[in-house]
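Trainee: Sequence:
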Amino acid sequence: MYLSRLFLNPRNPGARRDAARPYELHRTLLRAIEHAPDPERMLFRLEPERGPGGPVVLVQTDRTPPDWAPLVKNGYLLHADGPKPFAPALHAGQRLRFRLVANPTVKKKVPGKKHGARVPLIHDGP
Numbered sequence: 001m002y003l004s005r006l007f008l009n010p011r012n013p014g015a016r017r018d019a020a021r022p023y024e025l026h027r028t029l030l031r032a033i034e035h036a037p038d039p040e041r042m043l044f045r046l047e048p049e050r051g052p053g054g055p056v057v058l059v060q061t062d063r064t065p066p067d068w069a070p071l072v073k074n075g076y077l078l079h080a081d082g083p084k085p086f087a088p089a090l091h092a093g094q095r096l097r098f099r100l101v102a103n104p105t106v107k108k109k110v111p112g113k114k115h116g117a118r119v120p121l122i123h124d125g126p
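Quick note: the sequence shown uses this note's numbering, first residue 1, plus one each step.
Check the hints yourself; a few may be wrong.
To be verified - Computed beta-carbon distance windows for the label pairs:
#1 K108 <-> K84: 39 to 45 Å
#2 G93 <-> E47: 36 to 42 Å
#3 L58 <-> Q94: 18 to 24 Å
#4 P70 <-> Q94: 36 to 42 Å
#5 V119 <-> P52: 17 to 23 Å
#6 A89 <-> H26: 17 to 23 Å
#7 K84 <-> L46: 31 to 37 Å
#8 P52 <-> A92: 35 to 41 Å
#9 R11 <-> K108: 38 to 44 Å
Please keep in mind that the hints were generated in silico from the structure rather than gathered at the bench. The model shown is predicted, which means the values in this text are computed figures rather than measured ones. The beta carbon of each residue, even a glycine, is placed where N, CA and C say it ideally should be.
Could you put together the complete structure from these sequences and hints?
Mentor: And the structure:
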């Protein structure tokens, strides 16, 4: 597993856009693992606290170390810490603490569509 800490450039229009749109941020970050021989998945979280220069993103990949150099070179990132190998030694009964940001969705039937559509799960009231 590989971990990275990314510092988005607040002066870069793409980075500003992506900081406000998680889907676009995910699409941009996936470019760093396009070189993976097998399909690779990525977890990321935009931190609620800002770094010294702007927004901070934490990224985890399973098998492929991301290549952040193109995003630094084009000014999207101010700096990238990592990727750093991470192999935690977990054991039964161990207590862990973590933060999770989720985007819950539900699949709704759409007339005329075979697979329906995925829509945000929003609480409509009591």
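Trainee: Decide, hint by hint, whether the structure agrees.
Mentor: Comparing the hints with the structure gives:
no.	hint	in the structure
1	K108 <-> K84: 39 to 45 Å	holds, 40 Å
2	G93 <-> E47: 36 to 42 Å	violated, 29 Å
3	L58 <-> Q94: 18 to 24 Å	holds, 21 Å
4	P70 <-> Q94: 36 to 42 Å	holds, 38 Å
5	V119 <-> P52: 17 to 23 Å	violated, 38 Å
6	A89 <-> H26: 17 to 23 Å	violated, 29 Å
7	K84 <-> L46: 31 to 37 Å	violated, 19 Å
8	P52 <-> A92: 35 to 41 Å	holds, 39 Å
9	R11 <-> K108: 38 to 44 Å	holds, 40 Å
Checked against the numbered hints above, the structure breaks hints 2, 5, 6, 7 and satisfies the rest.
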